[in-house]
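In order, the protein sequence lines correspond to chains A and B.
Positions 3 to 238 (my numbering) are the ones given, in order, by the first sequence.
Positions 439 to 701 (my numbering) are the ones given, in order, by the second sequence.
Hints were generated in silico from the structure; no laboratory data involved.
Please note: incorrect hints may appear among the correct ones.
Calculated lysine to aspartate or glutamate pairs in the EDC-like style (CA-CA distance at most 20 Å, straight line) [stated by the list, open to error]:
| no. | chain 1 | residue 1 | chain 2 | residue 2 |
| --- | --- | --- | --- | --- |
| 1 | B | K513 | B | E581 |
| 2 | B | K517 | A | E21 |
| 3 | A | K233 | B | D602 |
| 4 | B | K561 | B | E581 |
| 5 | B | K539 | A | E138 |
| 6 | A | K229 | B | D644 |
| 7 | B | K445 | B | D602 |
| 8 | A | K234 | B | E537 |
| 9 | B | K626 | B | D644 |
Some chain B residues judged to face chain A by a derived CB distance under 7 Å, without partners named [to be verified]:
| no. | residue |
| --- | --- |
| 10 | N494 |
| 11 | E537 |
| 12 | A538 |
| 13 | T540 |
| 14 | K575 |
| 15 | Y579 |
| 16 | E581 |
| 17 | G582 |
A virtual CB, placed ideally from N, CA and C, is assigned to each residue, including glycine.
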Amino acid sequence: MSLLDTPLWKVIKGSFAPEIWERIAPAIWDTLYMTVLSSLIMLIVGLFIGILLAVTNPAGLMPMKALYSAFGWIINCLRSLPQMIMIILMIPVARFFFGKSYGTNACIIAIAASCIPMYARIVESSLLEISRGKIEAAKSMGSTNIQIIFRVLLPETIPSLVRGYTVAIIAVISMTALAGMFGAGGIGDIAVRFGYQRFQHDVLFATIYVLVILVQIVQWTGNLISKHMLKKRNLI
Amino acid sequence: MKDEYIKISNLQKTYYTGSGPVKVLKGIDLTVRKGEIFGIIGFSGVGKSTLARCINRLENPDCGSIIVGGVDILKLSKKELLRERRKIGMIFQAFNLFEAKTVYRNISYPLEISGIPRREIKKRVMEAAELVGLSDKLEAYPEGLSGGQKQRVGIARALVNKPDLLLSDEATSALDPQTTLQILDLLKEINRTTGITILMITHELDAIRYTCERMAVLEDGKIIETGYVRDIFSNPHSRTGSIFTRVYTEFQRTAALEYGGGI
Numbered sequence: 003m004s005l006l007d008t009p010l011w012k013v014i015k016g017s018f019a020p021e022i023w024e025r026i027a028p029a030i031w032d033t034l035y036m037t038v039l040s041s042l043i044m045l046i047v048g049l050f051i052g053i054l055l056a057v058t059n060p061a062g063l064m065p066m067k068a069l070y071s072a073f074g075w076i077i078n079c080l081r082s083l084p085q086m087i088m089i090i091l092m093i094p095v096a097r098f099f100f101g102k103s104y105g106t107n108a109c110i111i112a113i114a115a116s117c118i119p120m121y122a123r124i125v126e127s128s129l130l131e132i133s134r135g136k137i138e139a140a141k142s143m144g145s146t147n148i149q150i151i152f153r154v155l156l157p158e159t160i161p162s163l164v165r166g167y168t169v170a171i172i173a174v175i176s177m178t179a180l181a182g183m184f185g186a187g188g189i190g191d192i193a194v195r196f197g198y199q200r201f202q203h204d205v206l207f208a209t210i211y212v213l214v215i216l217v218q219i220v221q222w223t224g225n226l227i228s229k230h231m232l233k234k235r236n237l238i
Numbered sequence: 439m440k441d442e443y444i445k446i447s448n449l450q451k452t453y454y455t456g457s458g459p460v461k462v463l464k465g466i467d468l469t470v471r472k473g474e475i476f477g478i479i480g481f482s483g484v485g486k487s488t489l490a491r492c493i494n495r496l497e498n499p500d501c502g503s504i505i506v507g508g509v510d511i512l513k514l515s516k517k518e519l520l521r522e523r524r525k526i527g528m529i530f531q532a533f534n535l536f537e538a539k540t541v542y543r544n545i546s547y548p549l550e551i552s553g554i555p556r557r558e559i560k561k562r563v564m565e566a567a568e569l570v571g572l573s574d575k576l577e578a579y580p581e582g583l584s585g586g587q588k589q590r591v592g593i594a595r596a597l598v599n600k601p602d603l604l605l606s607d608e609a610t611s612a613l614d615p616q617t618t619l620q621i622l623d624l625l626k627e628i629n630r631t632t633g634i635t636i637l638m639i640t641h642e643l644d645a646i647r648y649t650c651e652r653m654a655v656l657e658d659g660k661i662i663e664t665g666y667v668r669d670i671f672s673n674p675h676s677r678t679g680s681i682f683t684r685v686y687t688e689f690q691r692t693a694a695l696e697y698g699g700g701i
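This is chain B alone, in the form it adopts within the complex:
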C-alpha cells in the first residue's frame, strides 16, 4: 500500500433541518494517496461538499475518523484546528474572495493572520501570484477581474501558506469550458511542481477525466465505486454508468442552454 495521506473511515453527518434530520453522509470510507489528484464526483445534494468541508472541519461530522498526514482532524483542539487549517488550502465555486481587499491583500491574508513578517509576506505573495500568472493584477480589486482570474486569486490565496493539501469544492463549476480547462491545467501544473495533494469535488465528468488519477463516485451519502479514472470510465459499475449518463446529458443540456451549442 502506497502511503495513505488522507484516510477517512465510517464518516457520518446529519443535518437537522426544519423538516427533520437529513443524513447526508452515511458512512464514507476513503483513502487518498500523497501527491495525487483525487476526484469525487456526484450529483448536487449527495454530500460531496459536506465531505470536503468535514476534512477541514467547516462541518463537524457525527462520527467516524479523518486522518490527514497522520493528524486525527476530529480530535484536534480549537487552537490545533486553526493551525491545521493553515496547512489545508481550499478553493470554492463562488471564489469567496474578499471584495474589500486588493488581489495582493487577498493573497497575503492567510500569511497576515499567522503573523509572518512583512518582508517574508511580500516575497511569498509575489511567488504565489507568479505561479498563477497574476503578477500584473496585484493592485486590482477582485470585482474587476474575470471569473478565471478570480479563481486564480483563490488558488494563490489557498497556496500561499504552502499547504500539503488543496480542497477544491466545485472550483471550476462557475467557469466557461475554456477557462475551466485553463484552471485545470494550472492545478495539474501545481500538483506536478509542488507535489501537493489535491482533492477535487465536482459534478463535471470531463473535469475529473482530464485532471484526476483516481476517483470515487458518491451517491446518496455513500461511495459506490472507487478506483483509477481510466478503469472506471472504460468499465463503469452499472450504477456508476447510469450516473455518468445522467450527469453527461444534464451537462450537455446546460451547456447547450448556456453556450448555445454542444461540447
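Only chain A is shown next, with the shape it has when bound in the complex:
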C-alpha cells in the first residue's frame, strides 16, 4: 500500500496486517541483536574511557594534562564524523575482523566506534558531578585512587550514569536504523527497501511503531532504575 494511491487511514490500518509483521519479525530480531551487542561494547569501552577522562581531567582525581588533552582530541575527532561516514570508514575494519563488510556483526563495529566517544563524554560529565567534598573525605580516610574510583566515584554517580546510558542506547538504536542502509539488515533496512524504494508505506509505518516502542521501553526502564536508586537514597 502506498500513500500515493491510498488514503492515510487505510495505510495505517494496513500497517497492522499480519503478513507485514511476519516480514518485519526477523528484522526486529536483527535490530535488537545489534542494539544489545553494540550497547554492551559501548558500555564497557565507553565507561573505561569516560573514567579515564574524568580522572585525568584538570578537575579530576589525578590531573594529567597531556594524557587528557590527547584523549580529548581523539574523541572530538571521532565525534565530529557523521555516523554515515563512520559506517563507511569502518568497512575495511569489519572486513578485517569478520571477512565481510556487510551484515549485522560488521555494522556493530561502526556503531560502537561512533557511539563510544559520545558515551565516554557522557560518563565523564556524570563522574565530574560528584562533590569535591566526598572525594576529599575518602582521601582523608586513606583511600587509594582505585578505591576512590570504584567505591566512591562510581556508586555515588550511578543514577546519573544510568540516565546517560539510556540516552546513549537510544542513539545506538537510531544508528542501527541508519546502518540498515549499508547492509546491516534490521528495521532500518526494511524501512529503506520497502518504505523508500517500493513506496510500501504500510511497511514503513510498521517500522516506525517498532522504533517508537523500542525507544520508549529503553527510556522508561532507564528512568525507572535511576528514580528507584534516587528514592532509595532519599535524594528525591
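Add chain B to chain A, keeping to what the hints say.
Frame of chain A; chain B shown alone:
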C-alpha cells in the same frame, strides 16, 4: 613542656590562581598537646581550613614541617601517607557523607578499605554507632537524616579507625545552635573517654569557648595569639579583641537573620 603531639613550624602555602599567586599561610608555628581539644579561630579566608588540610596532606604546603606523634608528615611516601591518614580522622562542615551508602556502610568504609575482616568491621561499626547514638539508624541513607545526625555519622566514620587525632573543619558551622551544642558535647565526651586529640577549626567563638582548652587566633595567614582559652577571652591581645568583636557581631547578625532573634 608537656609532650608536643603536633608540632608545626614555619608552614607556608601559596595558591596559584588565575589572578596570580596568593599566599594563604605565611609561616605558621603551632604546638598541640596530646589529648587536648585545641581551637583555631579566624575569619573565612584566613587559611584555617588550609592549615587543617595540610596536616593530613589534602594540601601540600610550600615549606615548613608538620610532626604528628613523632611522624614527619611532609616526608612520608605515598604509601606511608595513606597509612598515616588512617590514623587521622576528619570531619567536615558539609559532612561529605557517601549518599549511595547506608549509615552502616558509611561508617564501615574506612575499615573496608584497610582490608579488615568482616566480623571485626561489624563489631567496630556497632561500637562507633553506639558512641554517637545512631545504633537505630544503621540501615538509613544519609539524606534521610537531620543535619545533626549526619554529623554524627561523620564523627563515627572518622573515629571507627580509632585515630589518635581528629581534625574538625568547621564541623558545627552548618548546624543550628542547639544541634551545635549537642555535637560539641559529643566531641568533648569522646575526648574525655578516648583521650583523642581534637583540632577544631572554626569561626564560631562560642564553639571554641565551650569546647577548647587552648586556642590560637589566625589572621591573614599568621597566628597572632595562642594560649589558654580563658586567658585569651578575659584579656585578649588588642588585635584579637577586635577580631572577637567583629566575629561576634557578624555571628549575631547571621543568627538574627537565620533564627529570627539574638542568642
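Here is how each hint holds up against the structure:
| no. | hint | result |
| --- | --- | --- |
| 1 | K513(B) x E581(B) | violated, 38 Å |
| 2 | K517(B) x E21(A) | violated, 68 Å |
| 3 | K233(A) x D602(B) | violated, 37 Å |
| 4 | K561(B) x E581(B) | violated, 25 Å |
| 5 | K539(B) x E138(A) | holds, 16 Å |
| 6 | K229(A) x D644(B) | violated, 42 Å |
| 7 | K445(B) x D602(B) | holds, 15 Å |
| 8 | K234(A) x E537(B) | holds, 10 Å |
| 9 | K626(B) x D644(B) | holds, 14 Å |
| 10 | N494 | holds, 5 Å |
| 11 | E537 | holds, 5 Å |
| 12 | A538 | holds, 4 Å |
| 13 | T540 | violated, 9 Å |
| 14 | K575 | violated, 12 Å |
| 15 | Y579 | holds, 5 Å |
| 16 | E581 | holds, 4 Å |
| 17 | G582 | holds, 4 Å |
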